[in-house]
Amino acid sequence: MLKTIYFYEWKQMIRSKGLIIALLVFTGIGIFCLEQGNTIYKYQITSLDSAIIKKNRNYHSLKATFDTLDQSNTKKSSIEEPFFLEWKLQDVVVNKISPLCILSIGQSDIYTPVISGHFYTNIFKNNYTEFKNPEQLFAGNLDLAFFIVYLFPLLLLAITYNVQSSDKEKGITPLLNIQANSLKKVLWYRILVRWLISLIPILITGIISLFLLSSLNGFSIKDFLQWWFIAFLYTIFWLIIVLFIQGLQFNSLINAISLAGLWILWLVAIPGLLNTWFNYQYPAVNTTEITAFRDFTSKAWEKSKEEHSKYLFAIYPELLKDSSKLDTNNIKSYSSLIQIINKEKELQNTIANNSKSQMISEEKCFWINPIGGVMRSFTTISNTSLEQQLQFELSTINYRQNKLKYIFENNLLKPHFTKSDFANLPKYNIAKTEIRFAKYLIPIFFIIVLLTVLTFLNLKSRKNKKE
Amino acid sequence: MPVLQAIQLSKQYNGTAALSNLNLSIEKGEIFCLLGQNGAGKTTTINLFLGFTEATSGKATINNIEVKTNDSSTKKYVAYIPEVVQLYGNLTAIENLDFFSAIAGFKYSKEKLAENLTKAGLQSEAHHKRLSIFSKGMRQKVGIAIALAKNADLILMDEPTSGLDPKATSEFTSICKNLAAEGKTILMATHDIFNAVNVGTKIGIMKQGELVHTLNTNEITATALQQLYLETI
Amino acid sequence: MMKSIFKQTFTNAFRQKHLQVLAPILILLYLIVAFNSVVAYKTKMQSFEKAKNSVREAWLNQGPQNPHNSAHYGHYIFQPVNEMHLLDNGIRSFAGSILRLEAHAQNEITFSPAADKTELSRFGDMSFAWMLQVLIPLFIILLCFNSICSDRENQNLKLLSAQGISLSNYIWGKIFSLFTIILCLAVVGLVIQLLVYLVFIKGIGSFDLTRIVIWFLSYVVYFFILTGLSVLTSAWIKKSNTSLVIQLSCWITLMIVMPKITASAGVSIYPMEHKSVFNKALREDREKGIDGHNPEDERAKKFMDSIIAYYKIDTNKVKDVYAVLPVNVDGLVMQADEDYANLVYDKHFKRVHETIIKQNSISKYASFVNPFLAIRNISMGISQSDFSSHLELLFEAEQYRRYLIKNLNDKMAYGGSKTGDWEWKVDAKYWETVKDFSYPSIPLMKNLKSNSIELSAMFFWIILLIISVTLTTNKLTVL
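Residue numbers (our numbering), protein chains in the order written: chain A, 1 to 467; chain B, 1 to 233; chain C, 1 to 479.
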């Protein structure tokens with residue numbers, strides 16, 4: 001029977017000009033989404049590459065300078081001075097940009113993948129942040145994740161909302177009921193075939209995306225398949241919703257209103273209300289804290305040399321032995337910078353904790369906002385989630401802190417900052433994050449199972465009533 | 001002077017003739033029933049007299065005024081009862097009547113509206129109920145009330161008894177006869193041969209857009225008409 | 001006849017079950033949005049006032065300080081909050097909220113609230129403007145999708161036509177009556193918002209009523225256009241469910257997909273230069289000027305020589321020229337550096353801002369095919385939450401930075417200090433003489449002018465609607 005239904009549904013569909021146009025339009029939009037993702041990815045990669053090239057050029061040029069140094073005399077050359085060295089180095093820290101960012105841009109258009117690695121700067125003042133157009137950010141991106149999450153259900157709903165009801169309205173149902181052993185099976189198979197038809201644009205864009213992404217650096221077939229698995233799961237979610245609503249045997253109009261209502265509820269109303277609530281619960285960065293940080297910085301630099309020495313000697317008691325030989329300017333700088341960077345870290349942690357609390361609350365709400373879980377899974381695999389950005393920012397501060405410590409310790413404790421010291425400068429390593437997204441999908445998986453059971457029970461009870 | 005007249009009236013849809021050279025004349029107080037298969041041209045005839053569609057050639061007149069699609073001058077003489085009288089389900093019978101009468105330019109008191117509904121055969125307890133709970137027969141009665149309230153010379157009916165039970169059909173028949181007795185002219189398209197003989201004063205049988213027979217009902221029995229109808233189509 | 005259509009449409013609409021269910025939900029949402037706006041406004045206003053006052057306080061309480069240290073200490077400008085933001089917050093979540101003003105650099109505004117949010121924030125949040133722009137059109141569709149085709153389906157249209165109704169009266173009657181219902185729903189929303197604001201926000205009396213009236217009037221026009229289009233679609237499409245599916249598809253395309261497409265198209269057509277390219281160009285241009293912090297700089301030397309010449313000091317006779325000079329040359333050099341840098345910043349930032357304006361122009365012109373884009377931009381414009389208002393803030397902030405730094409450099413130059421004396425400090429009272437930043441208040445006419453394309457688009461839609469209704473009444477048949 002499946003074969004017959006499959007054959008004739010296809011025949012009907014292929015003969016519908018409207019559907020062919022819709023499939024072509026959706027495929028076109030899908031390809032456009034890929035192109036958009038690719039444009040943003042390329043833009044980010046370009047800024048990343050230019051930062052890395054510049055950083056490497058400076059590093060090698062400085063290394064060459066160290067080759068020319070004669071460090072036999074007691075006087076340090078300017079290049080050994082921490083600030084000068086750091087300024088010459090023009091250090092930057094870059095985040096990992098996954099090619100899957102093409103599929104789900106997430107927040108990567110807002111976040112910055114390049115951050116200054118200078119120990120004397122701070123994370124809140126980043127000269128590498130690309131210019132943003134707020135109106136464009138406000139409108140949002142048209143990426144493949146958006147295409148699948150928002151647009152795919154519409155195509156599915158448009159071609160399935162009246163599968164059963166139109167038959168009923170045309171009086172075909174009694175005929176089918178007599179002809180077929182099980183009307184339920186006919187309905188399920190027909191919806192299944194239409195669901196397969198609605199997958200055509202996704203399949204085409206999926207194949208194109210594989211060709212596009214596989215040639216890129218850092219492409220992981222495992223991540224790619226995981227991404228598409230989530231997309232597939234999401235299409236099943238809508239298939240089950242259609243089956244459930246059709247099982248309730250409303251007329252075409254109520255079916256259309258119910259399915260469109262569910263779409264609006266899950267994709268517009270619930271996320272909108274939740275965002276409104278979270279904006280209130282977790283307000284953005286506290287402006288007063290940022291200005292207080294400036295005052296803290298200013299005061300730290302204004303402290304007397306004695307205060308700085310006291311602070312630093314408490315950390316490095318070994319320095320007390322030869323304290324008279326130490327460069328007081330370096331003591332002041334190091335002490336100030338340690339305090340400032342600690343404060344910066346504290347402030348960043350406050351911001352991060354606020355964001356993390358919001359993320360946890362959002363996760364709890366995935367039970368009523370299951371599509372949020374799907375979005376988070378997409379961004380997690382694509383390394384475009386807030387959690388990954390926060391991790392990147394925090395690891396950047398840690399790196400700067402390590403570098404500060406390394407450069408000043410070597411400067412204060414050793415007579416010279418040597419070439420080997422330079423070569424052993426701390427390196428920034430992107431922390432390998434484990435991609436865990438299964439927990440975000442539990443609610444949607446649960447809803448799929450629940451609706452499947454309810455649909456089955458509903459059809460069974462109707463069958464019993466009929467008998 | 002005939003109330004309704006068709007002179008060489010023709011209508012084509014995409015080159016296919018729906019009505020060919022119809023010549024028809026109905027006098028005041030007559031009930032003319034059009035019989036014919038689906039697609040014979042009955043509804044097209046009614047639509048042409050209502051001005052819903054434009055004739056390809058020929059002319060249709062009501063009270064000697066030519067019916068035109070963009071000219072509503074003949075509409076004041078015409079009332080219409082469609083095959084399916086749905087009206088507005090969220091409005092009560094009296095509200096529906098009030099609305100449709102007002103559209104026709106009549107503003108009646110509540111009592112007058114109720115009177116029309118009663119005259120159309122709708123029981124008074126149903127007057128203030130919404131049409132969404134009405135049976136087809138009850139809605140048909142509201143439709144008749146709308147026609148009555150318009151007080152038009154001519155009533156065009158498109159298969160008005162389709163789907164009605166025998167009692168409702170019988171009630172409908174007597175209302176039509178009363179209207180004719182009051183001097184109203186009725187053109188009715190129908191499939192119901194027995195009802196046509198019962199209610200009509202004249203009967204026309206249409207085939208493929210042509211009026212092939214015109215008969216007086218007092219000249220033929222229902223059985224003979226059925227025989228003729230079957231031979232014709 | 002119109003009166004009867006009005007009465008019938010009203011009664012019919014209010015007796016529809018789905019509207020009886022949805023209208024209270026809408027009112028509930030109005031209340032949620034109103035309370036949320038109040039809470040957000042209060043939080044933002046408190047934070048803004050607190051930050052603004054603390055920055056001014058810190059400025060005034062610097063004590064004796066070297067003016068140039070103070071120039072580095074700088075000043076902060078915050079994203080301002082006004083009453084109109086209660087109604088439409090626009091792009092503000094995506095624009096920066098803190099701008100540091102300091103010597104030598106024109107910083108960019110940072111800390112956009114969206115940067116601390118997750119990807120879910122991109123689903124958007126609810127505001128009264130969002131409800132009017134997106135949710136009310138859904139109501140319009142629900143009310144109008146079968147306004148004419150259901151009459152056609154159940155043969156009421158035939159009956160109405162037989163009763164003598166003119167199609168023109170019929171369509172306009174439907175449009176005006178349905179529009180009145182929508183207007184009632186929107187007015188209820190506005191009244192709820194204003195009442196909640198008045199009750200829960202003290203001192204809200206400063207509300208600019210003219211602005212609100214114009215703002216709401218633009219929505220009235222928007223609703224009229226959408227109601228008209230929806231009724232017309234219902235006239236053209238013969239089946240109710242086809243009409244519903246088509247109208248819902250249009251809603252999604254126009255309100256959800258198209259804004260993203262136009263925004264993306266803007267970025268593709270007018271790509272933004274990379275920051276590295278910008279920084280390089282800026283650095284190269286700046287290097288051509290005076291280095292205010294480097295006395296060895298050739299241009300700085302020349303500038304200093306010109307000062308000496310101006311004060312007619314004979315360098316052959318005077319040993320310590322700078323001790324004799326009545327001015328502190330460091331202050332003058334730094335100001336010369338600033339003056340030049342300002343030209344450089346103007347040149348480069350102008351280019352960036354022009355690119356953004358060009359990118360946004362795509363959405364502006366797309367208003368002629370999508371009335372949603374027109375109202376979104378007009379609404380943001382009148383509410384001062386659009387990009388041009390943001391740009392206005394940046395412009396005013398930069399003017400203030402220039403005023404501030406010049407003031408400090410002048411104090412350094414003419415305040416009595418000597419060249420090279422970086423330890424010299426001004427009196428604690430001096431800080432009061434530097435006026436505080438005054439947040440710009442943009443006149444309504446300027447806001448409207450910056451949205452002239454969108455306003456023209458609205459006018460175009462009205463004309464198009466009138467023409468379409470006229471053509472439809474001529475072509476529409478009851479069959």
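Any given hint could be a false lead.
Stated by the list, open to error - Under the rule of at most 27 angstroms between Cα atoms (straight-line distance), these lysine-lysine pairs were calculated in the DSS-like manner:
no. : chain 1 : residue 1 : chain 2 : residue 2
1   : C       : Lys350    : A       : Lys132
2   : C       : Lys435    : C       : Lys418
3   : B       : Lys129    : C       : Lys3
Keep in mind the hints are simulated off the structure, nothing from the lab.
The structure displayed is predicted, hence computed values, not measured ones.
Open item on the list: Tell me the hint numbers this structure goes against, listed in increasing order.
Closed with: Violated hints: none at all, because every hint is consistent with the structure.
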